[in-house]
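Enquirer: Model the full assembly from the supplied sequences, consistent with the hints where possible.
Protein chains: 4
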Amino acid sequence: MLIVMKSEAAQNDVERVKEKVRSLGFVPHEIPGAQRVAIGITGNKGGLDPNLFLSMNGVQDAVSVSKPFKLVSREVKQEDTVIDVGADRIGGRELTVIAGPCSVESRQQILETAEILRDMGVRFLRGGAFKPRTSPYAFQGLKIEGLEFLKEAAERTGLHVVTEVKDTETIAAVSECSDILQVGARNMYNFSLLERLGELRKPVLLKRSFAATVEELLMAAEYLASRGNYNIILCERGIRTYETYTRNTLDLNAVPLLKSLSHLPVFVDPSHGTGRWDLITPMALAAVVAGADGVIVEVHPDPAAALSDGFQSLRPDKFRTLLARLQELAPFAGRQLTLAPSFKISATN
Amino acid sequence: MLIVMKSEAAQNDVERVKEKVRSLGFVPHEIPGAQRVAIGITGNKGGLDPNLFLSMNGVQDAVSVSKPFKLVSREVKQEDTVIDVGADRIGGRELTVIAGPCSVESRQQILETAEILRDMGVRFLRGGAFKPRTSPYAFQGLKIEGLEFLKEAAERTGLHVVTEVKDTETIAAVSECSDILQVGARNMYNFSLLERLGELRKPVLLKRSFAATVEELLMAAEYLASRGNYNIILCERGIRTYETYTRNTLDLNAVPLLKSLSHLPVFVDPSHGTGRWDLITPMALAAVVAGADGVIVEVHPDPAAALSDGFQSLRPDKFRTLLARLQELAPFAGRQLTLAPSFKISATN
Amino acid sequence: MLIVMKSEAAQNDVERVKEKVRSLGFVPHEIPGAQRVAIGITGNKGGLDPNLFLSMNGVQDAVSVSKPFKLVSREVKQEDTVIDVGADRIGGRELTVIAGPCSVESRQQILETAEILRDMGVRFLRGGAFKPRTSPYAFQGLKIEGLEFLKEAAERTGLHVVTEVKDTETIAAVSECSDILQVGARNMYNFSLLERLGELRKPVLLKRSFAATVEELLMAAEYLASRGNYNIILCERGIRTYETYTRNTLDLNAVPLLKSLSHLPVFVDPSHGTGRWDLITPMALAAVVAGADGVIVEVHPDPAAALSDGFQSLRPDKFRTLLARLQELAPFAGRQLTLAPSFKISATN
Amino acid sequence: MLIVMKSEAAQNDVERVKEKVRSLGFVPHEIPGAQRVAIGITGNKGGLDPNLFLSMNGVQDAVSVSKPFKLVSREVKQEDTVIDVGADRIGGRELTVIAGPCSVESRQQILETAEILRDMGVRFLRGGAFKPRTSPYAFQGLKIEGLEFLKEAAERTGLHVVTEVKDTETIAAVSECSDILQVGARNMYNFSLLERLGELRKPVLLKRSFAATVEELLMAAEYLASRGNYNIILCERGIRTYETYTRNTLDLNAVPLLKSLSHLPVFVDPSHGTGRWDLITPMALAAVVAGADGVIVEVHPDPAAALSDGFQSLRPDKFRTLLARLQELAPFAGRQLTLAPSFKISATN
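Residue numbers (our numbering), protein chains in the order written: chain A, 1299 to 1647; chain B, 1299 to 1647; chain C, 1299 to 1647; chain D, 1299 to 1647.
These are computed hints drawn from the structure, not numbers from a lab. A hint or two may mislead.
To be verified - Listed below are the simulated DSS-like cross-link pairs for lysine-lysine, each with C-alpha atoms no more than 25 Å apart in a straight line:
hint : chain 1 : residue 1 : chain 2 : residue 2
1    : A       : K1616     : B       : K1557
2    : B       : K1557     : B       : K1365
3    : A       : K1304     : A       : K1316
4    : B       : K1616     : A       : K1557
5    : C       : K1557     : D       : K1616
6    : B       : K1304     : B       : K1318
7    : A       : K1365     : A       : K1304
8    : D       : K1365     : D       : K1557
9    : C       : K1500     : C       : K1441
10   : C       : K1616     : D       : K1557
11   : B       : K1365     : B       : K1304
12   : A       : K1500     : A       : K1449
None of the values given here were measured: they were computed from a predicted structure.
Expert: Encoded structure:
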């Protein structure tokens, strides 16, 4: 059940509706919107009578929601969610590129990469400091030191930092040094982590597990939203199939599907989604045309020397070409590429 | 092993190379190109010495081929294959749309659809007369009668017909009435059928099985090519995964991958690849940006009344919008949309 | 809809019911049983009124069938189907082993293998003469010559021959030389082939496609049954997943599931289902305990020299151990191992 | 690299080898065995020279290990690992049954279930107190209260408790009340949790993710072992495929494969692996014949009233039949069913 308030409803009206919901034994979730406030109700199994609310002051409508996800659904909120990150925005008409190496490998590497990206007008820097790895013997990231290098890179270049938070123990440290918290594919089902991130208000980039259904991804987002954090970016990064030429099968069907089911921004990661640098550019472009709000791409100054995932990283020159293509394509998709002010990318400059 | 002939080599030189190959116990396959002829050699396990050929008249190079597919590989032929269908062409700079209903249901339905499509400038009409169906009790198509309706529709409108050939018994009948023979996903591993189609020179639209690897699709194409039929269009139409919101998972990774591995044109079927009419348009556009040479789309004058797959068919008005979007997007992808001469689609006309 | 006749019903009564079905515009399928006859009705969409039949002479019951497969379902026939092959039987209390090489490679190889198997009491010899292969350049079997070798092996040893029929063109030749016609996994969706085999009365071993659902396997069987051939053995042989240590994932869940959904015998192929000789024995035993009516196992006198699939073939001594284990296990599963009369296998003799 | 010590080697010799390993910049892992000690070395990339160790006192052999998992591999330790849980043992010749409800739902429910199981001779009680659920609105378990009920049930009946630990925050509380800590399928990639559990010595039942390869499962176990906890039980519980008749596809191939790759005990969960109560018994039996050391089965006094997973739970009477069948089958698999002393199950008592 979702209660939609009139645009002229007072905060007072909202509070009374929430009280009524609690008095019936359910939980109200206030969902702010540009035009009006809505109140999601969870805990009910579909049996609530709309008439209980329709006669209340300030209530415009009471609608039942048919999907297992509620707060993140389009049924509950029709406008696109737009997320503010500093002076930049994600979602809506923006087309956003997040770029950087798989792992922070050294101070010099991340500073150099950040400067290269800044010089192209990019606004978001990715880089892993805490790396979940299949093998306990593999490089697990520079950890706290890596976070500090990211922070320094951000301060020098003005870029926003996107980095993975791997467990509840390191949430505070990672939050301190980053603007967007990434939940990796292997942690999409880590509900304890999601619950804790739901208590923050910092944006979360939530990657789809390589074995998750679209519905499960939305349910993971619902974990965040049900605790009050609506600053969620969904991210398709490839699912596991029998195909062996590519590391994963990028499921672009999921993009228009998620956009129709949910009001949240949807990103695509063509690096993990293909596992091959030569497929990154076509698949990034395809993602945008399919409706993605942004892409997250691995860029490394020297892919052959990367400590992890070099094979799926772009060199800076190839990345510049991708940026130029994205800028060219954005208007077709009804978007504008988010770049530093007055930037104009060209593949050859 | 592939022998590349000089551009000035005489047919005589070619014949001598082929004779030499046979004398060594292998099979030569002459591969004509715009610039020069090449000769693929099959039957060898990599042990052939290039020097056996390099000193022969007219031979420019002898290269070993590392993939299990040879004749369809880019290694063997670098230029894109372009297929002539009447006065129209598939591949190269062309962006082609094949459209029509899943099944031919009646004379009136297919004539009406063909006229609608002709009026939009479309050049290729699809429609199933022989339908492989999971259930023996389901509608299996109008068969011979359906072929005749297709033929009549083609004669009236000038469209080229693309229709499925389901078994060897009906190859002659289907060939008689169609310009492109479609091999359905369920028949991709039907090697007896592929062998027989390899003996024809009629173009074949070869759909990837929903469980085939990219390599297996290319090996199926190799069956056709090894019998002499190089007029092959590869078609991605979705693979089977655990996802249930979509009928299949459209594997667009396969598009740039196939384009880099093979010289053959690559099409995408977003109708079967998604199973939902509302995903067809974004995924068709994404396919083009990923590098596809064309799309095959189900269009039905009245989807709700369709005998099969209505849920994944576009209504004519939605299809017109798709065409307009494709025309707008084609230059970005370095293409031009193949339409009847001097046609200019607009979503609103 | 299924009409169950009384055990004392006369053939006359049966005919009258069938006539009535036809007069209503549907198709009757007579299904003989040990106790009584039943009549399946296809072509109806569930709307038939049982009362139309209940008052007729000899009719005991009229039940509606809820699954898309009818004639092969347990709902329609509760007793296990038992198939006669010469003096031997498949299904019911029998536990059957089919053994032999992947391909017939030479006269000597198949005669030697047949004699080895006969000496162990085995009754069914497998061996491919027509081999569907992913590559057009791979060994495709000895074809007609291979069939003749199989026939000679059968005549010398008294074994029954199980061999693959790859296309409609070779049905007659393959039928001539074999007792059970195998439909390979890649042909499970080849409905034209299934229709032709449905017109025969020779037993068919129908392998599940590596991408088929259990329901689709039963629908393929329904193709055979709807044409009148009820002598069907279903065979699970592994499905395709992301796992790479094994060639396929053997889906033993399918065994008790198929036994509960259908009256047909169910076999398991642990050679293809695992792709590793060292997993064949444990998985063959597991299959029997899960409810399988038999196993089909690749046995080769010299696996290292096999032209195909040597890595998943057992040597004769390992196979003898498997047989001994199966004989020991059969009573637990309520079965007896089908061997030549008065045979007693021991792993050490 | 693995250093195998002589059986007569002194602890002194062992220490000197470990010191040598450290001096080379690597990490030694002492692996105790019934006959002799071994020392695994991690951190090297295969370049260590065996001669560095072969001349040292007490060293019998130095072998390189070819798989990415080392400490859990058969290469490193040939004997089966046997885990002591109180006076009971898991692994070796034991065949173990863990049974109980999906969730602890009430004090009465878990006490009643524990008593039913105790009366059948069962030694291990399962029951979830902390439940990871796809929906944030679903029942998440009784949490601490549930743990207390489990503890009381254990004290009353003498059963050992197996319960899930969902995150690092609750490790202490869960450890306090349970004898075996279960890591659920969704947490198999939660490396932070694995690291913390690796620091304990309490046995861990590690469930395979529904999308994990066999190698990834072994790498997750390696996380535990590399921190010193060798008390690991691997558990296959079904993988996710396109099949819809069953909840998951139970991959029994994994059982003999894991037994050959690793020295750890391997369990199977036929409840989650099938999702259907009617398939539990055949698949539990099949698992044992395939080589499993035990099964974990959902048993509920009243499945229809269960708060979670009732459809895949056995009623007590069906479970008694399963126990009797397992006892009958155990000798065939070279095992004895672990029951309370002098128990003799019969399906009818």
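Enquirer: When you check the alpha-carbon spacing of K1500/C and K1441/C, does it fall within 25 Å?
Expert: At roughly 20 Å apart (the allowed maximum being 25 Å), K1441/C and K1500/C satisfy the hint.
Enquirer: Between the alpha carbons of K1616/A and K1557/B, is the straight-line distance 25 Å or under?
Expert: holds, 19 Å
Enquirer: Need the status of pair K1616/B, K1557/A: alpha-carbon distance at most 25 Å?
Expert: holds, 19 Å
Enquirer: Can you confirm whether the C-alpha distance between K1365/A and K1304/A stays at or below 25 Å?
Expert: holds, 24 Å
Enquirer: Given the hint that K1616/C pairs with K1557/D, does the C-alpha gap stay at or below 25 Å?
Expert: At roughly 19 Å apart (the allowed maximum being 25 Å), K1557/D and K1616/C satisfy the hint.
Enquirer: Starting from K1500/A, check that the Cα of K1449/A is at most 25 Å away, please.
Expert: holds, 16 Å
Enquirer: Taking only the CA atoms, is the gap from K1365/D to K1557/D under or equal to 25 Å?
Expert: holds, 15 Å
Enquirer: CA of K1304/A to CA of K1316/A, is that 25 Å or under?
Expert: Distance ~15 Å between K1304/A and K1316/A Cα, so the pair holds.
Enquirer: Checking one constraint from the list: CA of K1557/C to CA of K1616/D, max 25 Å. Satisfied?
Expert: Distance ~19 Å between K1557/C and K1616/D Cα, so the pair holds.
Enquirer: Can you confirm whether the C-alpha distance between K1365/B and K1304/B stays at or below 25 Å?
Expert: holds, 24 Å
Enquirer: Run the distance test for K1304/B versus K1318/B: straight-line Cα separation, threshold 25 Å.
Expert: holds, 17 Å
Enquirer: Tell me if the straight-line CA distance from K1557/B to K1365/B falls inside 25 Å.
Expert: Roughly 15 Å separates the two Cα atoms, so the pair holds.
The structure shown violates none of the earlier numbered hints.
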